[in-house]
Structures are given as structure tokens and as C-alpha cells.
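Fit chain B to the known structure of chain E by using the hints.
Here is what each chain is made of, one letter per residue.
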Amino acid sequence: MTNRPPSWSPELRVLLDPATTFRELTQHQTAGFWVMLRRPLRLLFVLGCVVSLWASGRLSVRLIGDGVVSFAFVPVFELAALAAVYYRRSRRVSFAHAADLFFVANAPWLLWLTAFAILRCLQSSMQAFGPPMPLVWAIELSLAPVAAWSAYIDLHFFREVLPRLGGAVGSAWGDLILQRAIGWTCTIGYFLGIAIWPEIVGRIG
Amino acid sequence: MSPPRLSALLLVLAIVAGTLADRPRPNPPLMLGGYRVLAVDFHTHSSMWSDGTLTPWGLVLEAGRQGLDAIAITGHNETWDARVGQRFSRLIGGPIVLAGEEILWPTHHIIAAGISKTISFRQSAASAIDEIHSQGGVAIAAHPFPDYWAGWDSAAMERLDGAEVCHPGIYIRPLGQRELEQFAARAPVAAIGSSDFHGLGPMGFCRTYVFVFASDATEQGILDGVRAHRTVVYGRDGRAYGDSALVRLAAEAGGFSEREPSRLPVGWLDWTSRIGAVLGLSGVIFGRRRATVLAGWPGA
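In order, the protein sequence lines correspond to chains E and B. With positions in the first sequence counted from 1, the corresponding number in the numbering used here is that position plus 15. With positions in the second sequence counted from 1, the corresponding number in the numbering used here is that position plus 138.
Note that these hints are calculated values from the structure, not bench results. All figures in this text were calculated on a predicted structure; none of them were measured in a lab. No residue lacks a Cβ here, since even glycine has one placed at the ideal position from N, Cα and C. Treat the hints loosely; a few may be bogus.
[Claimed, not checked] Okay, the calculated bits of chain B under chain E, using three or more residues with CB under 8 Å as the criterion:
1. 197-208
2. 229-236
3. 298-310
For reference, chain E alone in the conformation it holds in the complex (with noise of 0.2 Å):
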């Protein structure tokens, strides 16, 4: 175990310069159960926080763990999204240390999250319960500018983590494409899709 002066968490560098970060990551080789699952462990409980903080204004074991359950598909399709695009081909880090790098690229959303958290703290039921809509807005458009962040970070990952061996231009473009495309329709799928269904059907007939 070596100890080196302290340094800003591994999230708060990748949104910085995802390049030097994971290319630093990647050189100290780990793998084992733990490693896979630590960061989306960690996702899903700040998940169950803010299920917690929006429904009732507070942290509490009840809401958390509930928030957990509900939230539970989410780490699991990043995963198999991801596991889907690893097998791919032949990778130079195994895959529980690629999903471990893979989660530290949630760091926009992860901050996002954090200031879901800090706007409800903030608020009064009231206004919790109906805020208004120029706020609805904000939230709403404040999503786009994350998910872009949240693509460019992924797509260094791609490049310096699971690189095409061999070295092809493009490939982390269509590794990243594919894993959007895999998780975002699950989850989307999952949470949205039957709300979103008869809205389809009543429009097109």
C-alpha cells in the first residue's frame, strides 16, 4: 500500500479531463467481485438518497431502501450494456475493472443528482410538490447539456480503456454508440415505456 499526498476522487477528475484520468486508472490493474460492483452499489444508493429527499425532505432507511429496488434496473442495464460491448473483442483490463472505470464516467450524472438533492433541500413542500414551471423547465433543459457531458466522457473511456487492439479509428465511436443504444432503450424502455406507449399508438393510430 503506498501513500500518496491527497488527491480530488477519481468522478471529480474524470469530469475535468476524462483522457488523463482514465489512462491513469487504467495502469493499476484490479479485479475481483468487489471492483465490479463497488461504483454501481454506490450509484444506487444515491439513487435511494434522492428518492428519499424528494419524497419526504429527509434521509430515512425506509425510503432508501426503497428508492434502491425501484432504482435497481439502472446499474444493471449500464452493465449489461456494457458487457454487451466488452465481449465484443479481446480487451487489455478485465471487464470487472472496465465497469468499474465505466461507472466512474457517471460523474456528470452524479453531480447532477447531487444538485437534485441540494434544490429539494432547499425546498418547501409546497414548493416541492408544485414548483414553477419556468423551474420545471430548467430541470428539464439542464438534462441535455449532462447526457452530452456524460457522452464525451464515455467516449475517452472507450478510447483509453477498452481500445480496439490494433488500434482502428472509430471503434470507440460505435462502441459508445452501441452501448447507448442498448442501456438507454432498456432503461427508458423499463421506466417510460408504458406511459409512452399509447401516446405512440394514439398518434399513429
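Only chain B this time, still in chain E's reference frame:
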């Protein structure tokens, strides 16, 4: 103490404080004018295929925390999660759970409360309401803002049992309250207040006070109360809607103000939980840490 440990400690403190504050609200039976008054939220969604954030059993427990006597779990075009919640609530002796569905179609959304089988969304509002009634349920117009008026023709309106006059939209849309009033004025319907709970903001913030007969605090009693329009709802700025005699009766009793949810000030336990949550989460995710090469908690 290292920053990660401090962040973790703050989170633990936040969770302890919040869990201590997370107590069911006292909810003694309310009797008024010979009626038993039940606080009901007719429109809630779970996370099981219905884009909510709580599980069906989580909804039941949350209803108890919010002082609700009954909820309808109204999944989008499905009733599976409602049946799960209903079974769970009966098991633990929790609030009454009405199995329901929110029937979605681009021109109208209908709450079907007190049904047992899923009703197809591929039909007109009038036809869907007939099917709701054939199952013994009640049909409530869900958030009938102008975007959803197209499907409510005269055939549907004459069959409708209730319409939401209190919904989060009355706080979000500048003219929301007036729009719901306009819709409800088109036909004699029961005034309904619902939170349309998906997890953003407290359940039961808009609620319906259903007046049932004293010995009939049951699912059937609630449905009968809606059919007979024995409801009182408080909308924006505390304005009362519903049966005029019952509104007067409620006003004489103080308007159920002590039961109105979440207008209470935030206590010190809640503030401790919120501050600890924000600082703890920020620190755990983004904080400085000693860069040890260690196969352990993410920090290396």
C-alpha cells in the same frame, strides 16, 4: 479525520436524524356529522412499470406516514402493482388500498379506482368508463387541463363519477385551478384531490376527504362516497370544493387543517438530515481523499 470518513459520518448522521423524524403521523378516526371522514389520495404511481419512485409496498408505508386512510395505486394501463400493494397493505393492517389504473390515451387520462382487471386504453373515454363501472369501480378524470379535454365528449361527461380539482398542476400552471374548475363545471361530478404521486413532493399533498357512513370505512364505502359526491377537497389558497353541506360542516370543524399534510414547518431533525445529506453525498462522490493504492472502496 480523513475527508472520506467525515463524509461518511455526515451521511450516517443524516440518515439517523431522518429515520428518527420518519414517524407515522397520528391519525385518529375523524367523525363529523355522523360520518366517518377518510383522507384519500386517488392517484399514485409505483416504480413497477409506472414511472414512480417507490415500490407498491413503499407507497403503502408512505401513505401511513402522510396520515392517509386510503390510496388508489393507479399504474399506467396496468393493475399489477396495485394488486401487490393491496395484498401488502392487508397483510400489515395498513391503509385501505384501492386497486386502480390510470388509463392513458392522448386525448384523455382516466383514473379507474376499485377495479380488479386492467382496462384497455384503446377505446373512447365513454366506453372505458362503462367498463370501469361494470367492474364496480369509479371513473375520475385525471388532471383535466385543456391538453386533455379533447376526449371528454358529452357521452363521457355524463358517465363520469369524479374530476380532479386539486392536482400539482394547479401550483405549476398559472391558470391551473381555474382550468380544473371549468372542466368540473361541465357535469355533476365529485370533487377529487390527488397528488398524482410519482415521488417528487409529498404524497397526499392534494387529497380528498370522503365522507362515508360510520360503519363503512371500507373500500366499498369510499367508492359509494365518490358516487354520491360526498367529498370535500381543498384547492389552491385553501378554497374548498365539493358537496356544499359537507364543505360547511368541514368549515365548522376547522377545515381539517391539522390533517393537511406537509404544511408543517421543517423540524431540526429534518434540517440535520438535509444538511448532512448534501455535505455527505458531495464528499463521498467528489471529495478529496488520500490516494492509496488499495483494492477497496473507490478512491484510488
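Comparing the hints with the structure gives:
With 3 residues having a beta carbon nearer than 8 Å to a beta carbon of chain E, the region 197-208 of chain B meets the requirement of three or more and the stated coverage holds. For the region 229-236 of chain B, the stated coverage by chain E is not satisfied: 0 residues place a CB nearer than 8 Å to a CB of that chain, which falls below the threshold of 3. Evaluation of the coverage hint for the region 298-310 of chain B: fulfilled, as 5 residues show C-beta separations to chain E shorter than 8 Å, against a requirement of three.
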